[in-house]
Structures are given as structure tokens and as C-alpha cells.
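For the protein sequence lines, the chains are A and B, in the order given.
Residue numbers are given in my numbering: position 221 of the first sequence equals residue 221, and the series is strictly consecutive.
Residue numbers are given in my numbering: position 128 of the second sequence equals residue 128, and the series is strictly consecutive.
These aren't lab readings, by the way, just hints derived from the structure by calculation.
Computed from a predicted structure; not experimentally measured.
Idealized CB from N, CA, C, for every residue including glycine.
It cannot be assumed that every hint is accurate.
[Stated by the list, open to error] Label pairs and their in silico Cβ distance ranges:
1) Leu-154/B x Leu-134/A: 38 to 44 Å
2) Gln-216/B x Ser-142/A: 51 to 57 Å
3) Val-81/B x Ile-56/A: 29 to 35 Å
4) Ala-4/A x Arg-166/B: 33 to 39 Å
5) Gln-59/A x Ile-69/B: 50 to 56 Å
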Amino acid sequence: MREAALLRSQGLSASYGHVEVLKPIDIHVAPGEFIAILGPNGAGKTTLLKAIMRLIPSQGELMFDGQSIVNTPTWALADLGMTLVPESRMIFGPMTVLENLQLGAYSRPGADRAAVNADFEAVLKLFPKLSQRLDQIAGSLSGGEQQMLAVGRALMVHPRLLLLDEPSLGLAPRASSEVFQALGQLNQQGLTILVVEQKAPLALSLAHRAYVMHTGQIIATPDPKDIASRDALAHLYLGDIQ
Amino acid sequence: MYNASTLLQFLIGGISVGCIYGLVGVGFSVLYNASGIINFAQGGFVMLGGMVTYVLYSLVGLPLIAAMIAAIAFVALLGLVIEWTIIKPLRQRSASVFIMILATLACQILIENAALHLIDDKPHSLPYFTPGPPLQYAGIAIGLQTLWIIGVSLLIVFLLGLFYSRTQFGRAMRACAINPEVASILGMRVERMVASGFLLSAALGAIGGILITPTQYTAFFVGVPFTVSGFVAAIIGGLGNPLGAFIGGIVLGVLQSAGAVFIDAGYKNVVAFGVLLCVLFLRPQGFFKSLVE
Numbered sequence: 001m002r003e004a005a006l007l008r009s010q011g012l013s014a015s016y017g018h019v020e021v022l023k024p025i026d027i028h029v030a031p032g033e034f035i036a037i038l039g040p041n042g043a044g045k046t047t048l049l050k051a052i053m054r055l056i057p058s059q060g061e062l063m064f065d066g067q068s069i070v071n072t073p074t075w076a077l078a079d080l081g082m083t084l085v086p087e088s089r090m091i092f093g094p095m096t097v098l099e100n101l102q103l104g105a106y107s108r109p110g111a112d113r114a115a116v117n118a119d120f121e122a123v124l125k126l127f128p129k130l131s132q133r134l135d136q137i138a139g140s141l142s143g144g145e146q147q148m149l150a151v152g153r154a155l156m157v158h159p160r161l162l163l164l165d166e167p168s169l170g171l172a173p174r175a176s177s178e179v180f181q182a183l184g185q186l187n188q189q190g191l192t193i194l195v196v197e198q199k200a201p202l203a204l205s206l207a208h209r210a211y212v213m214h215t216g217q218i219i220a221t222p223d224p225k226d227i228a229s230r231d232a233l234a235h236l237y238l239g240d241i242q
Numbered sequence: 001m002y003n004a005s006t007l008l009q010f011l012i013g014g015i016s017v018g019c020i021y022g023l024v025g026v027g028f029s030v031l032y033n034a035s036g037i038i039n040f041a042q043g044g045f046v047m048l049g050g051m052v053t054y055v056l057y058s059l060v061g062l063p064l065i066a067a068m069i070a071a072i073a074f075v076a077l078l079g080l081v082i083e084w085t086i087i088k089p090l091r092q093r094s095a096s097v098f099i100m101i102l103a104t105l106a107c108q109i110l111i112e113n114a115a116l117h118l119i120d121d122k123p124h125s126l127p128y129f130t131p132g133p134p135l136q137y138a139g140i141a142i143g144l145q146t147l148w149i150i151g152v153s154l155l156i157v158f159l160l161g162l163f164y165s166r167t168q169f170g171r172a173m174r175a176c177a178i179n180p181e182v183a184s185i186l187g188m189r190v191e192r193m194v195a196s197g198f199l200l201s202a203a204l205g206a207i208g209g210i211l212i213t214p215t216q217y218t219a220f221f222v223g224v225p226f227t228v229s230g231f232v233a234a235i236i237g238g239l240g241n242p243l244g245a246f247i248g249g250i251v252l253g254v255l256q257s258a259g260a261v262f263i264d265a266g267y268k269n270v271v272a273f274g275v276l277l278c279v280l281f282l283r284p285q286g287f288f289k290s291l292v293e
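Extracted from the complex, chain A is given alone in its bound form (with noise of 0.2 Å):
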């Protein structure tokens, strides 16, 4: 029987030295889906997605469209339809933006050009602020922007499940709800996002389900149409998010 969900852990653990810092985990993603993970700093948000993309040892275990990916290596996660924006977008500063969204689609065979190419006019599409600084440094970039072409770079790789580590850090107001419109945007069009995110009430307008941190472990998964919660969210955990 094909499995349900997209992603499924179950029992992901992982451990820096003899620190478990994240305890046994169990969440799922159906495709469609767009799912929040909050909590605040050190709540092991950041190292479940890098637990996710192989990027830390880890144990338990976890699948992806139905497959097991515990032993797949990082850069075999592309080709199969995963992959991250990660915190502080990490755009590769010294090249330029096409450079850059070129080398998003490094894992798609060179057979796949006229895939490649639509995807390139729906990025730009998507953020048309791009298509006017391709030739721009990355580095030179405003925060927002390279926000941005982080997400553009990521959408590249073509990928069935975007995973997101605090996309609006760092970055202005207006940038923030660009880049979050535009997630949602793509949801809508039937991608599937995780993001990991510590401003709640960007990420719970848009989220379908939301899972909440706090010392490595999943506490509460509240509804995020359920206003009440949300300011149960804010006072408990999240401080002042308004």
C-alpha cells in the first residue's frame, strides 16, 4: 500500500556529543500540505530539519514518498524531491543570481532542459525582482532579495516538499510577508512546504497543521485556524509575537 504522507518520522533523534538534543520525534507531511513548526530558539527546530536532510547522524526512522531515507545521503535528497532553504539563505554570495538559480537545477539531468527552463520563467515569475539583477553579485543583494533567490534556487532543484528554516530571519516587515505570500502562493499551485519558523502568526496564516518545540521535543500541535490557541502559543512560548 503507498503511504499517506510525503514525510513521515518516527522515533528521530538526534544528539551532538552525549546532549540528545532532539527526543524521539513523530510527525508527518501529506502531499498538499503546508505545515509550521515553531518554538522558540534552542528548540530543536533548526536540528530536526537538519536531521531530515541527512545533514547530522540521527536515529529512528524516516520516510520519504513511502521510501526510507536514513541511509541516503544528502545530495541524493534532490533527485528524489526534497530540499532545504536553509537559516540565513546561504545563497552562494561571490556568483551571480542566474549562477546561482543555475546551480539549483544541478541534479536534473541536462535531458531535461525544457522542464529546467519553465521552471527558470516561473521563479522569475514568482519573484520579478530577480529577472532584473541576474547579473547581479548574490552578495550584493538586499535581505529580502536574497531571500528570494534563496527560495528561487531551492524551487530549481524542482523539488516535490520545500523545507524552510526561519525564512523571515533577518529580514524587514514587507520582505517577510513577500516571501510568505509567495509560499503560499506555491502551496496553492500543490507544493508541499514545511517551515520552521519562529514568527507564529506569519507561518499559522498559511499553515494547514503546525507542530510546537520546546527543548527538542514536539509539545503541542495546535490548530492554526484556532485563534485561541494561537494566543496560548504567543503567551506560552513564543513571547510577544504580535
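Chain A is fixed; fit chain B onto it per the hints.
Here is chain B on its own, set in the frame of chain A:
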């Protein structure tokens, strides 16, 4: 006093040897771009390029062109073997870059001693690629091998520029040096890029060694001076920028030549490395921007 043609003659000599320093410097930059590692065995590849060609041509009896191609392939393969057997295991053990640099220095010594024991301790040369007298123009004599050195070096630097800017593999090599974690997230196999960097830089070193041997000589001990000169070239040009490293090599070659002309041949390195110290004080990042920083 020196007349213009004498000075020009020394200038051409400086450019010629500077092209070789430049090629060695390009080798440093290529590997640095792929892995962030500085390979102090680079001069060993230069020495082996000349020595292996000598063995295959003079002792085995292969035609010169076949001996050169085989020597380049052998040295490139050796670069790959060093990566597989020494660098890759160190990376897997999360060794620091300093440890890996020290390991490359050990490789330099191993290569040097292997050449001493497996070949011999005598200097050897190769015939000019194109036999014939030097070209004479306005009182200046330009050896045909000098034209080969300058022409092949320029061609290599031009092709490398295209490789890094126009090919997806070249761009990926740069991306892996900038941020290997992100590169792997996007589907790039970082270890394959590092191996390719070793292969390419070793081949560049071998080409440099083959080009220079007919005008000088090669011997088991010539590697270290080339390592030093190539490293200086890469630093002057800005580590991580192959074109900068090549220009840095020419600057170094011309400075050595100037030192030999205006002071004394024995002072050529004093002038060259004095200038290097000035560069380090005034512009430690070199004169050209790195492709990966």
C-alpha cells in the same frame, strides 16, 4: 647601463618562467576553489610532470607527445590517489584544514623521495617541442619553447575561465568551496568535486613541469621551489582566483628577473619575496577577488 633590448630580453625571460609559476599558482587556486585546501604537494606534481615524461621518452622510448600525455595522465591519477587515500579519510574524520595541509606537505616529501629512489638523483632535460633557432626581432631573441610556454599557459587560463563561468560542473566546484553543506542540499556531491579539484590541479602542475623542463632541467628536488613560487603567485593574485594566480606568477617571474638584472642573480629571490612581504602587509587578500569568498 642596459639598453632597451637587453631589458626586454630579461622581461620575456621573466614572463616565461612566470607563466610556469602562474600555472602552479592556478593549481593552488583550482584546488582551493574546490575544497578550501592548500596543497603543498603542488610542486611535486610539477617535478613529476618533467621526470615522468623524461622516463617515458628517454628510457622507455615513447614519442615525446605520447610521453607527455601519459605523464599528465599519470600525475593527474596520482592527484586522485592522494585525494582517495589521504584527503578523503581525513575529511571523513572531520580533520581541520590545517591537518589536511600538513598531509599535503608530507605527500610532497613522499613524492620527492619516491622520485629520488625510483628514478635517480641526476638533473634531466627534454628536447624543445619545436626544434629550431630562436626568433630574432629588434635585437631580442625569443626561444621557440618560450612561445610554447606562454601560448599553452594562456590557453589553459582561458579554458579554465570558461570552465568556471560557463559549465555547470565548474560552477558547482565553486559552490562546493563556498558552502559545501548547501551545495549538497542542492544535489552536488562535494567529495566528487574535491577529487576533481585534485585531478585538475595535479594535471596543471604536470603540464607546467613538462613545459619548463626543456628550458631548464628537472630533478627530484625541483618541486619545493615551485611549490613556494606557485604559492606566492596564488597569494599575490588572490587565493581562489585562477586568473589572479596566473598574473601573480608573471609578476613574480618578472620581479625575479628584475632582481637578477638590476642587483645580482643571487638577489632575485630577495627582491621577489621582499615584494611579497609588501603585498602581504598592504593587501593581504591579494590583488584579485577570490571566486569563492
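To see whether the hints hold, each was checked on the structure:
1. Leu-154/B x Leu-134/A: 38 to 44 Å: violated, 30 Å
2. Gln-216/B x Ser-142/A: 51 to 57 Å: The hint (51 to 57 Å, Cβ to Cβ) holds, given that Gln-216/B and Ser-142/A are roughly 53 Å apart.
3. Val-81/B x Ile-56/A: 29 to 35 Å: holds, 31 Å
4. Ala-4/A x Arg-166/B: 33 to 39 Å: violated, 44 Å
5. Gln-59/A x Ile-69/B: 50 to 56 Å: For Gln-59/A and Ile-69/B the Cβ distance comes to about 51 Å; the hint holds.
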